[in-house]
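Asks: This is what each chain is made of:
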Amino acid sequence: MTFNKKYLALAMAAILTVGCSSDEKEGLEDGTQGTDASTSGYSDGSMSGSQFGSGNGFGSGSGSHLGPEFSDPKNPLSKQVIYFELDSSQVKQDYVPVVAAHARYLASHPNQRVILAGNADERGSSEYNIALGEQRAKSVERMMRSQGVGANQLEIVSYGEEKPAVSGSGESAWQQNRRVEVGYQ
Amino acid sequence: MMLLARILIVSALASALSVAQAAGLTIEITKGSQTAVPIAVVPFGQQGSIGNVKLSDVVDSDLGGSGFFKTLPEEDMLTKPNAPDKVNFKDWQVLGQDYMVIGQVVGNGGNYNIEFHLFNVHNGQLLMGYRFTAGANELRRAGHHISDLIYEKLTGRKGSFNTRIAYVTSTPRANGKQYMLQVADADGFNPRTIAESPEPIMAPAWSPDGSKIAYVSFHTKRSEIFIQTLATGQRESVSSYHGINGAPAFSPDGGRLAITLSKDGSPDVYVLNLANRGLTRLTNGMSIDTEPSWSPDGNNIVFTSDQGGKPQLYVVPSSGGKANRITFQGDYNARGRFSADGRSLAMVTGNGGDYRIAVMDMASKTVNVLTGGRLDESPSFSPNGSMVLYAANRGGKSTLSMASTDGAMQQKLAFESGEVREPAWAP
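In order, the protein sequences belong to chains A and P.
The opening residue of the first sequence carries number 1 in the numbering used here; numbering runs sequentially from there.
The opening residue of the second sequence carries number 1 in the numbering used here; numbering runs sequentially from there.
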C-alpha cells in the first residue's frame with residue numbers, strides 16, 4: 001500500500017491545525033522561558049542543593065578515656081553491643097549480664113554519659129524499623145534506669161535500618177544488625 | 001511470561017548543581033506484559049546538531065516501560081520512515097504492529113523543531129500529529145511530553161512520564177557513607193542533589209504543588225525534619241523533638257504535615273500545622289504508630305501500627321478519632337500510600353519472611369501483590385496511578401524499581417554505584 005495523496009493532504013492539515021492552534025507549543029516554549037516555577041528550576045539550573053556539615057551533634061565522643069576493663073575480653077564491659085531477635089525489643093537472656101555490667105559502671109560514674117543507639121535489620125519498612133530500633137534502645141534504657149543509672153546519663157537515638165553494622169542480606173548479617181550500641185561519650 | 005532483554009544505557013548530563021556522580025543509569029525491563037499493545041516507535045529523523053539525546057529512544061523507553069505497550073526493537077524494523085508519505089503500512093502490519101510513531105527533530109540555533117505523527121497501522125489513520133519547539137536541554141522533557149500525548153490518546157488516561165521522583169542514595173566513603181537526597185526525572189535521568197550528609201537522610205515527601213520536599217536528616221546525630229524549597233535550596237527545620245522525628249507527609253492542602261514523634265513515649269502519629277506549628281496527636285498507647293499518609297480528600301490518615309501485635313494498617317480521621325484496622329491478610333502490612341484518586345492503597349506486605357509491594361482496592365479490600373522480591377519497600381504511586389515506584393534489594397544492593405499496578409510489567413532503574421532507597425514520586 002502506498003501513501004494516499006489525498007490522505008496526506010488531510011494529514012498535514014491536521015498537523016498544522018493541531019500544531020499551530022494547540023497550547024502544546026507554548027507549553028514547551030514556556031518551560032524554557034521559566035514561567036513555571038518547577039520547570040525553570042530545571043532549565044536554568046536554579047534548583048539549589050544543601051550541604052549538611054558533620055559533627056555538630058552530641059555524638060562526637062570516642063570513649064577513649066575509658067579504663068582497661070572496657071578492652072578486657074573477659075569483662076562484660078568489653079561488650080558494647082546488645083543483640084535482639086527478629087521484630088523483638090526484649091533484651092536476650094545472654095545480654096542481660098552485659099547490660100547489668102554497664103548499668104553498674106554508669107551508676108558508680110554519675111558523670112559518665114552514654115548514647116544508646118537502636119538499630120534494626122533491613123527487612124520491612126524503613127520508618128517502622130526506626131520505631132523498632134527506638135524500642136530496643138528504650139528496653140536497654142529501662143533496664144539501666146532500674147539499676148540506678150540517672151536519666152541524664154542516657155541518650156537514645158534510633159537509626160532503624162539506616163546504619164547496618166554488616167552490609168549484605170541473610171540471617172547472619174541481619175542478626176548482627178538487630179542491635180543497640182552502647183556508646184560511651 | 002515474556003522477558004524483554006532490552007537495555008538502555010545513557011550517561012546523564014552532570015550540571016553544575018548535580019554533585020560528583022554523573023550517574024550512569026540502566027533501565028531494564030524485568031517483566032513484560034503479554035497483553036501489551038504492539039507499537040513501533042521509528043527512530044526520528046535528525047537534522048542539524050541535536051546532541052546526545054535521541055528523542056525516539058525516550059519515547060520508546062517510556063511507552064515500553066509503561067506496561068501498556070510493547071515496543072518494536074529497532075533491528076526488527078524493515079524500513080525507518082520519518083515522513084508520512086514514506087510510510088508503507090503493510091511493512092508494519094506484517095510485523096504485527098497496531099500503532100506506529102514517526103517523527104523528526106531539526107536543530108535550529110539552540111532550539112529544536114520537533115514533529116511527530118501517530119498512526120493506526122491497520123487502517124492507516126492518522127491519530128495524532130504535533131509540531132512544536134523545545135529549547136536547549138529540554139529534549140528529554142519533550143520526549144516525555146510526546147509519550148504523555150500518545151499514552152493519553154491510546155489509553156484514555158493521563159501519562160506520568162513528564163514527572164519527577166525523589167530518592168536517597170548512599171555511597172561508601174572512607175569513614176562511613178555519604179547520603180544524598182536527589183531529585184530526577186521519573187525515568188531516573190537528570191539527577192540533582194538537593195541535600196547531602198555523612199549521616200542518614202530518610203523519608204522524602206513532596207508538597208502537593210511539587211515545590212518543596214520534607215525529609216528526615218540525622219546530621220546532628222539526632223533525627224530532625226526539614227522542609228526544603230527546591231527552587232531556592234532554602235531549608236527550614238520543622239520538628240526536632242526529643243526522640244523520633246520521622247515519616248513526614250504533607251496534607252493535600254499543603255498546610256499540615258503528618259509526622260511521627262516519640263517525645264511522649266512510644267512512637268505516635270501527630271499532625272503539625274505548618275502555619276502556627278501547633279501539634280495534634282492522633283494516636284495513643286504503648287504501640288508503635290508510624291508512617292502516616294493522607295487520603296486525597298484530606299479527611300483520613302492511614303498509618304502502620306503494631307497495636308494488634310504485628311504491624312498492620314489502620315485509618316484514623318485526620319482531625320482525630322477512633323482508628324480502624326484495614327488490613328487482615330498476612331502478618332506484616334506497613335507503609336500505606338494512597339493513589340491520587342484515593343481508590344487504591346499501596347503497601348509493604350510481608351509473608352513467610354518476604355516483603356513485597358501490594359495494592360489494596362479500597363472499595364473491595366482486595367489485595368493484589370505486585371512484586372516478587374524478598375526485600376521490597378517504600379512504594380509510591382505515579383500521579384496517574386498506573387505505576388508504583390519502590391525500592392528493591394537484589395543481591396545485597398538496593399535499587400529503584402517500578403511495577404504497573406496491574407502487575408503485568410516491572411522495570412528496574414539501576415544506578416551505577418551506591419544504594420538507592422526511599423523513592424517518592426512527585427505529584
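Everything labelled a hint here was simulated from the structure, so no lab data went into it.
Do not rely on the hints blindly, as some may be mistaken.
A partial selection of chain P residues facing chain A, derived with a Cβ cut-off under 7 Å [said to hold, decoys possible]:
#	residue
1	Thr193
2	Ile194
3	Glu196
4	Val238
5	Tyr241
6	Asp264
7	Pro267
8	Gly321
9	Lys322
10	Gly352
11	Ser364
Ranges between beta-carbon positions, derived for each pair [to be verified]:
#	chain 1	residue 1	chain 2	residue 2	range
12	P	Glu236	A	Gln175	52 to 58 Å
13	P	Glu236	A	Ser78	51 to 57 Å
14	P	Arg343	A	Ser78	30 to 36 Å
15	P	Gly372	A	Val81	51 to 57 Å
16	P	Gly48	A	Gly170	50 to 56 Å
17	P	Arg281	A	Gly170	19 to 25 Å
18	A	Gln147	P	Thr171	28 to 34 Å
19	A	Val81	P	Lys310	25 to 31 Å
20	A	Gln93	P	Gly352	37 to 43 Å
21	A	Gly170	P	Pro296	36 to 42 Å
22	A	Val81	P	Gly321	51 to 57 Å
23	A	Asn111	P	Arg281	31 to 37 Å
24	A	Ser71	P	Asn52	42 to 48 Å
25	A	Ser78	P	Gly176	22 to 28 Å
Under the rule of at most 30 Å between Cα atoms (straight-line distance), these lysine-lysine pairs were calculated in the DSBU-like manner [stated by the list, open to error]:
#	chain 1	residue 1	chain 2	residue 2
26	P	Lys263	A	Lys163
27	P	Lys158	P	Lys310
28	A	Lys163	P	Lys90
29	A	Lys163	P	Lys54
30	A	Lys92	P	Lys310
31	P	Lys365	A	Lys163
32	P	Lys177	A	Lys79
33	P	Lys153	A	Lys163
34	P	Lys153	P	Lys412
35	A	Lys92	P	Lys412
36	P	Lys90	P	Lys54
In this text, a Cβ means the ideal position worked out from N, Cα and C, and glycines have one as well.
Asks: For each hint, tell me whether it holds in the structure or not.
Replies: Here is how each hint holds up against the structure:
no., hint, verdict
1, Thr193, "5 Å, holds"
2, Ile194, "5 Å, holds"
3, Glu196, "6 Å, holds"
4, Val238, "15 Å, violated"
5, Tyr241, "12 Å, violated"
6, Asp264, "13 Å, violated"
7, Pro267, "4 Å, holds"
8, Gly321, "22 Å, violated"
9, Lys322, "22 Å, violated"
10, Gly352, "12 Å, violated"
11, Ser364, "24 Å, violated"
12, P:Glu236 / A:Gln175: 52 to 58 Å, "40 Å, violated"
13, P:Glu236 / A:Ser78: 51 to 57 Å, "44 Å, violated"
14, P:Arg343 / A:Ser78: 30 to 36 Å, "57 Å, violated"
15, P:Gly372 / A:Val81: 51 to 57 Å, "34 Å, violated"
16, P:Gly48 / A:Gly170: 50 to 56 Å, "54 Å, holds"
17, P:Arg281 / A:Gly170: 19 to 25 Å, "39 Å, violated"
18, A:Gln147 / P:Thr171: 28 to 34 Å, "41 Å, violated"
19, A:Val81 / P:Lys310: 25 to 31 Å, "26 Å, holds"
20, A:Gln93 / P:Gly352: 37 to 43 Å, "27 Å, violated"
21, A:Gly170 / P:Pro296: 36 to 42 Å, "39 Å, holds"
22, A:Val81 / P:Gly321: 51 to 57 Å, "42 Å, violated"
23, A:Asn111 / P:Arg281: 31 to 37 Å, "35 Å, holds"
24, A:Ser71 / P:Asn52: 42 to 48 Å, "57 Å, violated"
25, A:Ser78 / P:Gly176: 22 to 28 Å, "23 Å, holds"
26, P:Lys263 / A:Lys163, "22 Å, holds"
27, P:Lys158 / P:Lys310, "38 Å, violated"
28, A:Lys163 / P:Lys90, "59 Å, violated"
29, A:Lys163 / P:Lys54, "40 Å, violated"
30, A:Lys92 / P:Lys310, "20 Å, holds"
31, P:Lys365 / A:Lys163, "36 Å, violated"
32, P:Lys177 / A:Lys79, "25 Å, holds"
33, P:Lys153 / A:Lys163, "46 Å, violated"
34, P:Lys153 / P:Lys412, "26 Å, holds"
35, A:Lys92 / P:Lys412, "39 Å, violated"
36, P:Lys90 / P:Lys54, "26 Å, holds"
When each numbered hint is compared with the structure, violations occur for hints 4, 5, 6, 8, 9, 10, 11, 12, 13, 14, 15, 17, 18, 20, 22, 24, 27, 28, 29, 31, 33, 35.
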